[in-house]
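S.K.: Spelled out, the chains give:
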Amino acid sequence: MKQSKVLNPKTLAEVLSLFEQCGDGARVIAGGQSLVPMISLGLSEPDFLINLSSCDDLFVIKKTRKTINIGAMASVSEILNSSQVINLLPILNFAAKKVATPHVRNFGTLVGNVCHADPSSDLIPALLCLDAQIDLVSKDGKRSVLLSEFITGPYSTTIRGGEVAVSVTCQLDKQSKLASYKKVARRAGDLGIATCAVSLDSHKDCIESAKISVGGYLRKAIRVLDIEKNIVGLPAHEICTFIDGVEKIESIENSILPDGSLTNNYLSATFSRLIRSTLKDALSGK
Amino acid sequence: MNKISSEARFLGRSLERSDGRAKAEGKAEYLRDMLMPEMAFAAVIRSPYPRAKLKKINKHDALQISGVIDVITPQEVKSFSPVSIFPNSPKIQKILNDTPQFVGDAVGAVVAETFEIARRVADEIEIEFEELPSCLSIDSALNKEVVIHESTSDNLAGPVISTKSGDFESALKECTYIFEGEYTTQRQCAQTIEAMACICDWSNESELRVWTHLDSMFHFRDSLAEMLEIEPDSVIVEPPEALGATFGLKNSLIASLEPLCAILSRRIAKPVKLQLTPEESIFTTVSRHPAKIRLITGLDENYNILARNAEVLLDSGAYGWGYVVALSMLGKWSCLYPCANQEFAATSVYTNHIPGGAYRAVGTAQIHFAMESQIDEICNEIDIDPLEFRLKNSAKVGDELPMGTKIRSWGLEECLTKGAEAFGWKSKNSRILESVNPPGVLRGVGMAIGMHHAGLTGLIPTPEGSKCYAEILEDGKIEFRVGVVEKGQGAITTLEIIAAEIIDIDTGQIKILNSGTSSVPFDFSGAEASRTTYIVGRAVADAAQQIKKLLDGKEGKLVDLAGSSVVGEFEPLDNDPLPVIGAHFCEVEIDEISGMVYVKRYVAAQDVGRVINLSGCMGQIEGGIHHGLGYALCEELLYDSGFPINPNFMGYKVLMASDMPEIEVVLIEDSDPDGGPFGAKGVGTPVMPAVAPAVANAIADAVGERFFELPITPYKIMNVLINKN
Amino acid sequence: MVNGVSHPVVCKPFDTLLTVLREDLGYFGTKFGCGIGYCGACTVLIDGKSAHSCCLIATTMSDRKISTIESCDDDPVIQKIQDQFLKEGAIQCGYCIPGIVMTVRGLIEESGQRVITEEILRGHLDGNICRCSGYASIVRASLKACVDE
Ligand SMILES: Cc1cc2nc3c(=O)[nH]c(=O)nc-3n(C[C@H](O)[C@H](O)[C@H](O)COP(=O)(O)OP(=O)(O)OC[C@H]3O[C@@H](n4cnc5c(N)ncnc54)[C@H](O)[C@@H]3O)c2cc1C
Ligand code: FES
Ligand code: FES
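Line order of the protein sequences matches chains A, B and C.
With the first letter of the first sequence counted as 1, position 151 gets the number 151 in the numbering used here; the numbers rise by one all the way through.
With the first letter of the second sequence counted as 1, position 399 gets the number 685 in the numbering used here; the numbers rise by one all the way through.
With the first letter of the third sequence counted as 1, position 146 gets the number 1157 in the numbering used here; the numbers rise by one all the way through.
Same shape as in the complex, but just chain A (with noise of 0.2 Å):
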């Protein structure tokens, strides 16, 4: 049988360290919200996994002048309970409502649910409006990485060997007045067939400018840029008339990921009705 082992390193240090001496069996776990059940389904089979919950600092959601700055084991609950997402990200706060439930939400982090690049996350979608970027370390060095280029496609990213995610940055001149998250799943508590987060300013009820992205059944959760462009300058009252016009929602089609009974045909109907509801919602400060 082989060796396993759990490491609870206290530092960003030793976790760098152990990375070197662990080679690459290690995975890091975070909240196991995700990593244990892969792990139980035997989907999963690393050799060691490297605890973050011993490391004090990497709790801490910190707001700077310009940026919003959550820390990797910052738990959905704690971004759900923090006044300054409240009111300063607001997208984000919808979309975390969304997330499962209390029990996972009690451990799973956000930084954890970017790494997991489930396609049907609801953190994704929000954090693509909020422009929002992931913070690498690894004994070379730091990086930082659009999400949009961090997520490669379902359940894959561009992290590398030893790399540590250590949050996640938010810009906060990228956050609009008008926002909304919307989310179709199967039951209650499960992870969305269609997700959908938006964000808007609209100056004399004209579109200023627009973010929408969605997730679910595709490759990866995306921006919906081709949409988004076309609506900018438009009157609000007409926005839902222009997405009926709208015959295929190019950049979903190119990314939809059938599965069984979900059919391109149902998941393309799905996402364009969900859009458009979703941007009403905004409009309407719902």
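These are computed hints drawn from the structure, not numbers from a lab.
Please note: incorrect hints may appear among the correct ones.
[Claimed, not checked] Listed next, the in silico DSS-like pairs over lysine-lysine satisfying Cα-Cα at most 30 Å (straight line): (1) B:K1002 <-> A:K98; (2) A:K286 <-> A:K63; (3) A:K5 <-> A:K98; (4) B:K1010 <-> A:K280; (5) C:K1060 <-> B:K313; (6) A:K62 <-> C:K1155; (7) C:K1060 <-> A:K10; (8) B:K763 <-> B:K313.
Put chains B and C with the ligands on the given structure of chain A with help from the hints.
M.R.: This is chains B and C with the ligands only, laid out in the frame that chain A set:
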């Protein structure tokens, strides 16, 4: 709501269940928790193919692994002849199969010192199969493209049923309105939260002791003895202290569970626990038989039903018994809407899927979806209120049941009127929901009725009577010994109330004992088919009455009678299962974005004959609605080319708390003096059949189109919505 | 620390908290249901917060305060919840009940003075499957227990 007669002391009130506290405190011992000295652990080696020939299994190497005690393969059990699990079904059931017939079929087992080792070795053992062509649909089974079991060359799972009364063909020619439809239902799983398991101790050759998930101890004892070719008396079946429910799933034993575990225990002469994983508990046990049902109903110009025809095809999976399922369907179909000219035909075939089995409302759930959907369609077309139509056309007191007896008690009219009142159902034409549809939401209302039988008499040739031994103990308490299983349904509490009410003493003075086949009277069917209150209840009532008589001369002093004992008995008349009826109403909202259905309001009016334990009764009804809504909307064990694709808690969706509607239960007490004690009927199963059609009818109302296939998923709804736009 | 007592355990490194609670420490009140975070039968409280113990690695929990259903002897709030469950007839097979009781306990802890509505309660229960009751009696009983608090 429910009447509590002034004299009744306990009847119709809520009694705290005696096993409740231990369960709430986590102290009750379930099979999963049971350990025994020297116990070894077993795991089953399973087929990864829908159909295959076992070529080689490297027993030798597996036995070398540290912790492994024994490995068995079909070779070691080949002397046992195959048996039939249900009366009239072919003898095809083997303990281990060298020609596995579905993904998950048992081909061997590993016994080890720990469960982890056994499971790992069973998964990783070196094994070779030759994949064989498989048969994955009813059609290909009927075409005999592949013969699944050598002994049944036509792939038929039991005899073909074909019965008729009157002359359907000619009557149909007289009809003004003819409706025809084909309805399909899916594989639904009981998905109990506690995975199935079994412990056998056959270390002493003359006595096999068994603890398992079960609905009836004696049925299990006898089947197990037959399968193992030993005397029933040498088998002692005991229910564990607590059971994580069965919902009928364990109405018969599972060859690769109890018999296999027993053999393993005999081989190593130690107690063995065979624990299924949650996944195995779903895809290797049994599921509800999927059905294709074709219905024709003809009416005259006054909307009287003149002719009815049903053609049923059932998928029995690898070893199911669709024949019995069809009999159950026939029992309800032929009498719910009486008609002089009717024809019923049913064929059940084997396919290479999980075996069909028993699960809450066997056959009844399938046929009601078809039947009650079609009645709704008829009402829509001829523009009649579905409530009126049912009042006029459905069975009444005095109508004949298929077994030849007559309906004595039938609270349908009261269920319909009181249910409609509670729901606010107005005649379909004038029906307007209180508020208009919010944008993006389609709303609809629907109703259906559903009947089931309490007890099995006349359906299956099994002994239906019940006995009860009662004895007055030293401390003046009375012990009633019965052969019924407490699987969560509340049997014990119900029987306590019956006895206490009759003798007129505190329920605390009553002890109901159901400790195992060696200490309780023979009772073949135990807690199957919602028969506990009716049949076992009558036996307990009989014993209680005898004790009451003994007491009469003694001025109520029980201690003075210590040591006295009586035997209570009840033998139902031939062919007399009790018909039980309910009427259900519901309101749904459909989200136009996703096609998702939200059931907002649900009213179930059930004729329970007489409420014995109020909270128990409510719990059974509310729980039955949960299973029914899942059947209607989302529960389906899916297969792709013979491979199960969602056999776990993540993929197989049962509804969660937020998905459930507000439920109002209306209890109707149309008591049957010849039924259960105090006129009680049955409650657990009879709730199920009306649920799916009530929801389907509400969805049809909302969408404006009917769905003929369960479950009615958002994808099916969305397809209709897209095409409508 | 489980229910106020610390237990030195030697277990396999990747054993889940659920496995260790049951198999090494004998807390059989915490039930094994699905093992992958979907049924809630294994719910315990960690520092007062509800968690699926099958989704946590035991060795990462060594300095946490863990409460299982067995802590009811010293916890009047849990007792109150249990009493309501018994009164309401919310217990059938009972397999889900210890987990559900712990979820409700966690909710009461988390809510402090805030009112617990039926919607909030159901949202919390969405991590627990009950196959017997249709949740109706569980919701009735829990709401009564929450109001009392
Ligand atoms: C029943 C259930 C329901 C769920 N429903 C939802 C839902 O509705 N919506 C939703 O968005 N999510 C859902 N989730 C997922 C949940 O939100 C995630 O499990 C959680 O957010 C991931 O965080 P974690 O801390 O638990 O990560 P872990 O499980 O600890 O780790 C996940 C992965 O990320 C890696 N990782 C974690 N942290 C780091 C780091 N700092 N640096 C590098 N790599 C790291 C790990 O190695 C692992 O591969 C659900 C999970 C469960 C079990
Ligand atoms: S056993 Fe942990 S959630 Fe099911
Ligand atoms: S009481 Fe049986 S699962 Fe809840």
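S.K.: All hints, please: hold or fail.
M.R.: Going down the list of hints, with the structure as the test:
1. B:K1002 <-> A:K98: holds (25 Å)
2. A:K286 <-> A:K63: holds (26 Å)
3. A:K5 <-> A:K98: violated (34 Å)
4. B:K1010 <-> A:K280: Status holds; Cα separation ~23 Å.
5. C:K1060 <-> B:K313: Holds. K1060 (chain C) to K313 (chain B) sits at ~22 Å (cutoff 30 Å).
6. A:K62 <-> C:K1155: violated (40 Å)
7. C:K1060 <-> A:K10: At roughly 23 Å apart (the allowed maximum being 30 Å), K10 (chain A) and K1060 (chain C) satisfy the hint.
8. B:K763 <-> B:K313: Measuring from Cα to Cα gives roughly 25 Å; hence the hint holds.
When each numbered hint is compared with the structure, violations occur for hints 3 and 6.
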